[in-house]
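Here is what each chain is made of, one letter per residue.
There are 4 protein chains.
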Amino acid sequence: MTQGIAAEQLHSIVTRIETLEERKADIVGDIRDVYTEAKLNGFDPKIIRQIVRLRKLDRAEREEQEALLDLYTHALGMTADADL
Amino acid sequence: MTQGIAAEQLHSIVTRIETLEERKADIVGDIRDVYTEAKLNGFDPKIIRQIVRLRKLDRAEREEQEALLDLYTHALGMTADADL
Amino acid sequence: MTQGIAAEQLHSIVTRIETLEERKADIVGDIRDVYTEAKLNGFDPKIIRQIVRLRKLDRAEREEQEALLDLYTHALGMTADADL
Amino acid sequence: MTQGIAAEQLHSIVTRIETLEERKADIVGDIRDVYTEAKLNGFDPKIIRQIVRLRKLDRAEREEQEALLDLYTHALGMTADADL
DNA sequence: TCGCCTGATAGTTGCC
DNA sequence: GGCAACTATCAGGCGA
Numbered sequence: 002m003t004q005g006i007a008a009e010q011l012h013s014i015v016t017r018i019e020t021l022e023e024r025k026a027d028i029v030g031d032i033r034d035v036y037t038e039a040k041l042n043g044f045d046p047k048i049i050r051q052i053v054r055l056r057k058l059d060r061a062e063r064e065e066q067e068a069l070l071d072l073y074t075h076a077l078g079m080t081a082d083a084d085l
Numbered sequence: 002m003t004q005g006i007a008a009e010q011l012h013s014i015v016t017r018i019e020t021l022e023e024r025k026a027d028i029v030g031d032i033r034d035v036y037t038e039a040k041l042n043g044f045d046p047k048i049i050r051q052i053v054r055l056r057k058l059d060r061a062e063r064e065e066q067e068a069l070l071d072l073y074t075h076a077l078g079m080t081a082d083a084d085l
Numbered sequence: 002m003t004q005g006i007a008a009e010q011l012h013s014i015v016t017r018i019e020t021l022e023e024r025k026a027d028i029v030g031d032i033r034d035v036y037t038e039a040k041l042n043g044f045d046p047k048i049i050r051q052i053v054r055l056r057k058l059d060r061a062e063r064e065e066q067e068a069l070l071d072l073y074t075h076a077l078g079m080t081a082d083a084d085l
Numbered sequence: 002m003t004q005g006i007a008a009e010q011l012h013s014i015v016t017r018i019e020t021l022e023e024r025k026a027d028i029v030g031d032i033r034d035v036y037t038e039a040k041l042n043g044f045d046p047k048i049i050r051q052i053v054r055l056r057k058l059d060r061a062e063r064e065e066q067e068a069l070l071d072l073y074t075h076a077l078g079m080t081a082d083a084d085l
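Residue numbers (the numbering used here), protein chains in the order written: chain V, 2 to 85; chain E, 2 to 85; chain Y, 2 to 85; chain F, 2 to 85.
Since the hints were made in silico from the structure, they are not lab data.
Please note that a few of the clues may not be correct.
Just so you know, same-sequence chains aren't split out, so a pair can sit in one copy or run between any two.
Claimed, not checked - Calculated pairs, DSS-like style, for lysine-lysine (alpha carbon to alpha carbon, straight line, at most 25 Å):
(1) LYS57 / LYS40
(2) LYS25 / LYS47
(3) LYS25 / LYS40
(4) LYS57 / LYS25
Just so you know, these numbers come straight off a predicted model, no measurement behind them.
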């Protein structure tokens with residue numbers, strides 16, 4: 002029955018991927034809709050994209066800063082959850 | 002107050018896009034997880050990907066066929082909703 | 002003389018790309034001409050495009066099928082050039 | 002026989018387009034090869050692309066300048082081929 | 001003829 | 001570190 006089980010597993014895998022991809026496609030469509038709406042309200046989609054990109058960079062940078070801070074505090078034994 | 006309204010709109014737009022992108026990233030992560038799980042169960046991800054791609058291609062072709070048929074029927078004035 | 006050689010190489014590269022792009026642009030023009038001619042002969046360019054697209058999709062699918070078959074046979078160690 | 006002739010024409014059109022597209026694809030491949038070669042020789046493809054783009058802009062600009070010059074000279078009756 | 005929209009292309013990121 | 005998949009951008013084609 003190994004064959005049958007494998008086939009079943011394979012089918013499950015493929016199906017799950019397809020479902021997820023479908024949901025992804027939906028979301029991409031939603032994003033496009035927001036850009037379209039933005040355009041209709043007089044906002045330049047290109048600039049909106051830049052803003053989104055910049056904010057993402059900011060977030061990444063902030064997280065890096067925090068990670069660095071964490072690293073230092075841990076190294077100095079200043080962490081709250083250390084050595085309990 | 003136009004300025005304020007515009008700023009508000011802009012903020013709404015950017016926020017909504019960011020939320021959607023977050024959800025998209027989650028789904029991409031889920032897809033990756035399924036591939037990882039597949040690999041752990043002995044399935045070659047490369048083959049899985051090809052299967053998914055092929056099934057997608059099948060769907061695309063089916064849709065193209067229908068679109069073509071539509072195009073022909075419309076071109077020939079055979080459309081059901083014509084001449085009402 | 003490394004600088005000089007590099008400059009020469011760079012020039013050769015850029016020139017070759019430009020020549021190829023020019024040829025590409027010519028071909029794109031030729032394709033457009035065929036569509037124009039088709040239109041003059043009463044064929045709807047839209048339908049022609051769809052036919053071309055569909056035939057391309059057919060080819061793609063055929064190739065995908067073969068690639069998949071290849072992948073399976075290789076995965077199962079059934080390849081002719083194995084174990085020599 | 003109109004049907005037959007039309008079918009023949011259609012086939013000719015589609016075939017010609019496909020041949021041209023094939024040639025186009027070949028050239029695109031050649032261009033990619035040049036970029037690959039450039040990379041192997043230590044040139045950054047990104048920069049090469051910028052150079053190509055800039056030179057194209059330059060050419061466009063030069064052509065515009067010439068067109069403008071033409072316009073003026075014609076307007077002033079200074080063109081060599083006028084009034085023959 | 002202009003604006004939109006789809007398809008082609010260039011750039012980026014993640015995997016091997 | 002190179003390569004391939006994916007994403008974002010851009011240009012050409014279509015419809016109003």
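(request) Could you work out which earlier hints the structure fails to respect and list their numbers in ascending sequence? (result) The structure breaks none of the hints.
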